[in-house]
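Keeping their order, the protein sequence lines are chains A and B. Quick note on the numbering used here: the first sequence kicks off at 4 and runs consecutively. Quick note on the numbering used here: the second sequence kicks off at 22 and runs consecutively.
Don't read these hints as lab results, they were simulated from the structure. On a predicted model such as this, the values are computed, not experimentally measured, just so you know. No residue lacks a Cβ here, since even glycine has one placed at the ideal position from N, Cα and C.
Which chain B residues stay away from chain A? Per the calculated CB distances, all over 12 angstroms, these:
id: 1; residue: Glu96
id: 2; residue: Arg139
id: 3; residue: Val163
id: 4; residue: Gly181
id: 5; residue: Val208
id: 6; residue: Ala289
id: 7; residue: Asn297
id: 8; residue: His304
A few chain A residues facing chain B, derived, Cβ under 10 angstroms:
id: 9; residue: Ala26
id: 10; residue: Leu271
id: 11; residue: Val282
Just a sample of chain B residues kept apart from chain A, beta carbon distances all over 12 angstroms, derived:
id: 12; residue: Arg43
id: 13; residue: Val98
id: 14; residue: Ala101
id: 15; residue: Asp115
id: 16; residue: Asp225
id: 17; residue: Tyr286
id: 18; residue: Ala290
id: 19; residue: Leu310
id: 20; residue: Pro312
id: 21; residue: Glu340
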Amino acid sequence: MLSYALRRLIGAIPTLFIIVTVAFFLIRVAPGGPFHLERPLDPQVMENLLRVYHLDKPLWQQFLLYLGNLLRGDFGPSFVYRDFSVGDLLGSGLPVSMQLGGAALLLAFILGTTLGSLAARHQKRPGDYGVMAAAMIGITIPNFVMAPVLTLLFALTLDWLPAGGWGEGALANKLLPIFTLALPQIAVIARLTRGSMIEVLRSNHVRTARAYGLPGHVVVIGHALRGALLPVVSYLGPAAAALITGSVVIETIFGIPGVGRYFVQGALNRDYTLVMGTVVMIATFVVLFNLIVDLIYALLDPRVRYDK
Amino acid sequence: MTSDAASATVKSRSLWADARRRLLANRAAVASAIVLAVIALVCIAGPWLSPHGYDQVYRNYVKVPASLAPYPGAEAVEPALEKALRRARVEIEDWRVADGRLRVTLTADRPIDPRITRYLDRADLFEDTTVADQAEGGRRLVLEAAIRQQYFLFGTDANGRDLLSRTLIAGRISLMIGLLATAVALVIGVTYGAVAGYFGGRVDAVMMRLVDILYSLPFMFFVILLVVFFGRSIVLMFIAVGAVEWLDMARIVRGQTLSIKQQEYVQAAHALGVDNRGILRRHIVPNTLGPVAVFMTLLVPKVILLESFLSFLGLGVQEPMTSWGVLIAEGARNIQGAVWMLVYPSIFLAATLFCLNFIGDGLRDALDPKDR
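One chain only, chain B, in its complex shape (with noise of 0.2 angstroms):
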């Protein structure tokens, strides 16, 4: 505490006030709050500027690497170009590039349809193909194409989705999983722990006791079962491991309200007869809130591994829907070829889970009496 007696013309500090000011004084948790304030700005807003869509397919970008210049390169226009008229029965006689722009004659035995347009514009690579010229009859034909530049700064995955593009928008999955699993977690923890703790005696004891059997089950179990029991639907996975982590916010609530609960302002309350609701609400909960937000941030992070973990597995969120820990798994089973299916979402995940900690961190630090 601030010495009141020296204080008692300044304009004494609150505890709130007193955290603010030494959180803001912690460069690793402000840093650390910047960059996490960047992250999820990204994440929210980078999937609709986007040129590619977090599902959409290019079946001649399949796992290219991560790449600052445009795709296609010069190389990379041959083999789609043969690719693309494989199946349509003519003969490249001859193709070049120029300016962006793709021109190629082709010959046959037969006059070539000029719908022969549209297996261009099926590749990725090409669009607004044209016929420039007809010769011999139309055996003959000249094409025009334009080539279609196309930016993967992530590159692209095993199906040839813009990995930049499902890194974002996993990274919203990611981030509301974790929010909201924490709140279900918040509510159901703060609401338990302080109506055990207010009530104290017998209540409290069948109430913890219960608690400590949940805990001493197999945290795996728990979730998986969830898992089961829910489907594989995002929103109920959120609530399930929401459910699953509100037994330590139980017993850091308990253990403040048991103390909370002996205070003169409490018994004041009584005495001006205001019921165990209101006391609870008004004078319990909001006292019990330090504690509580430095563990909600450290849960934050826990939440979001947890969902990684379990995406990881298989059990979290469902294709084409993504998330970090998906991206993740996948780009483990890739990591012979194309390692930047592992690196990017890496990165993302684990410097979110870095800025959250040195928060929790940083927040425990400003709130904690005894480092005043």
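Only chain A is shown next, with the shape it has when bound in the complex (with noise of 0.2 angstroms):
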């Protein structure tokens, strides 16, 4: 399994490659570029500025220079805030996308799982209705639009927790934004888990199990549930990175300092180092995700084997 991971990982480096690649070269092509702005910047100081961050150069020798310095794990300075690096700017808003994504991810695989698992047990019965029903709800309003909702009505309406902001990570700052990534996952994962339960509560171990005389509980949860959860777990890993990459309209709208914003600003602005370290964090995000989601499978599921 160890040597499979290790594998995958390098196998991995291609793939990051073209994309960082492919990246580089399209935010390139877009019209305009960093120092662009409203105003024109006079000829001698533009000049200047371009030599600085050596856009100037030809621009292969620019994706050389920049493919060195990322192997050395330097992102390059940001252009727009002028003093900051990249890395600054992730490091800091990093960890806290992590958090909020993170929990709500758990919130969304324990609420999910649950809620699609009672729906499988009372299939075609009012208890599963309702479920699919709040699932649809989920998946269908978009979070801009729950976000400002959830606001009014916890924040405004009721005053039990703030409208926006960070506030040094409190817990109380977190709880709606949390919600609100998890709401549309939670939705999606009980679906997922209703359709893949009801066709593990039909197979042969589970009629066995049951002919043994195990109470309904247990037969679902140590024996339908594993099989079950094979689809939610490949689903999982690209929302998992997804959800830790951060979400603009979330920051936006709850005001919390993470990276999902960076990657529109940057791109918005031109701020081709920015975009490049935001694109090079998610994909390598997917693919770590995408790599683990595997590992999981075999835990899972122990007919798939990696080690030949």
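Taking the hints as your guide, dock the two standalone chains into a single complex.
What follows is the structure, given as structure tokens:
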């Protein structure tokens, strides 16, 4: 298993390389640049700026330069947040986004699988329809609607929680963002769990367990859940990567200093290094979580073997 | 499949007739289709029927709440009157409202110019102002004006524009974007997937590798880049979004094509000398349409959501044109004190997405051969 993980990590290098290359050249082809402001800069100043950031060199040299720095773990300076390097920005924002995303993921996993299993056990009965209707709402209502509605309800009307801000990481400030992030995921996971649970409950080993006279919840938790989690786990890989790298909408609405905003802002400001930094970060997480998913697969399903 | 032996004497049902029958039996899907049709109809016809233009600004009615009663209410007349005459340098001696008409008596040190009626006409509340009486050599003037009754069923926004008209025109844009972008994704995705699957081998490998690479790039990166490239023009945005969303479509169609091209009727077409284009057009593509139709109904809400999301970030539709995403973003900013600005567009958006999802689910169940 360890050698498989290592092989996968090495195999990810070409993928990351291609992503970095494509992203690097795509953002450069976009019109405009980091120093194209409303009021044009003095040509002399512009020239100096371009020289300082090596933007006056041919594109391929810049690319090699960037790759070299990247290999040494240097993401370069941000063009727009002048006093910060991209590493600093991501380093300070990522823990925040990871906390929120991780908590949302955990919440979504626990609630989603529980609700999904309950719905499957009560298939075609009111409980099932209730959970599925709620899940449909969770999936269809976008987070930029849900976030203001929840703020209105819990912060402005009931006055239980603060309406926004990070508050040095106080728990009260985190609850609304975590819940808003988790809600659609709960819905998707509940639907996935229900679907696969219904199939697993029809399988032979579950019927055998039932025949032994085991109570319903023991059958579901002890025997069926493991198999039913497989599709959930493969959904969770990309979802976890997306959650942990932050959400622009949630961070904007609740005023949270995470990394989600940097991506959109960077692309709009043509802050080349910041955009590249976020792309590398997101791609790394996607690769990493897909690997974790495959490893968990082997744990859940003994038929999956990675060692030859 | 319906059992052929039993139905040999009965008229056999085609795949599509069968799917339609099963779809019509699905109450959630049928109800959704009706609701969706109503929303679409209202959004298409509504802006023409509405008395308010979507970009018409009523300065006297900024952020007025949604109400079934007509504006102005009785209490709104006095402040509006004072505001309208503030710069006219006259004293309001007396005013009253009767039978929907305003009668106001003005006094001043100097004779009042009768053209003062324009001050009143300029306010959104009054119209057809006339001089009813003049006294004291023109220093006392009695004006009469009709009170203009207007309905703002959804209230107005922060600029004093009718929210109902704006929600409807936004619906037009959002629905149009959904359909257009889906059409673009459909054309690119089906063509690409069918070609890759049909020719197979190295062509397939190269074409699908490209799809994989595009897949692994962060999706938002793409969309933002496209927006940056094409500027903030609506039509190009549709195309850009469609151009991003074709990847799934291509994969689905490729998978279908791989199995369809092994069928005997394709071999028969080959043997008859039909060229590749003909086979793709006549035999491959029509047979992939089942899953494609399902994916399409689910793609429309996805695109509408994406458009709303981009508009929410300020990258989408630009003022004074609007879309549900733009309205929701404005509503979220004005949530304190003007809840209706968030509520109504959100209801429209959520209802549309809901219906499309139900129809998509129903269509998938109806077309699923295992579930017969």
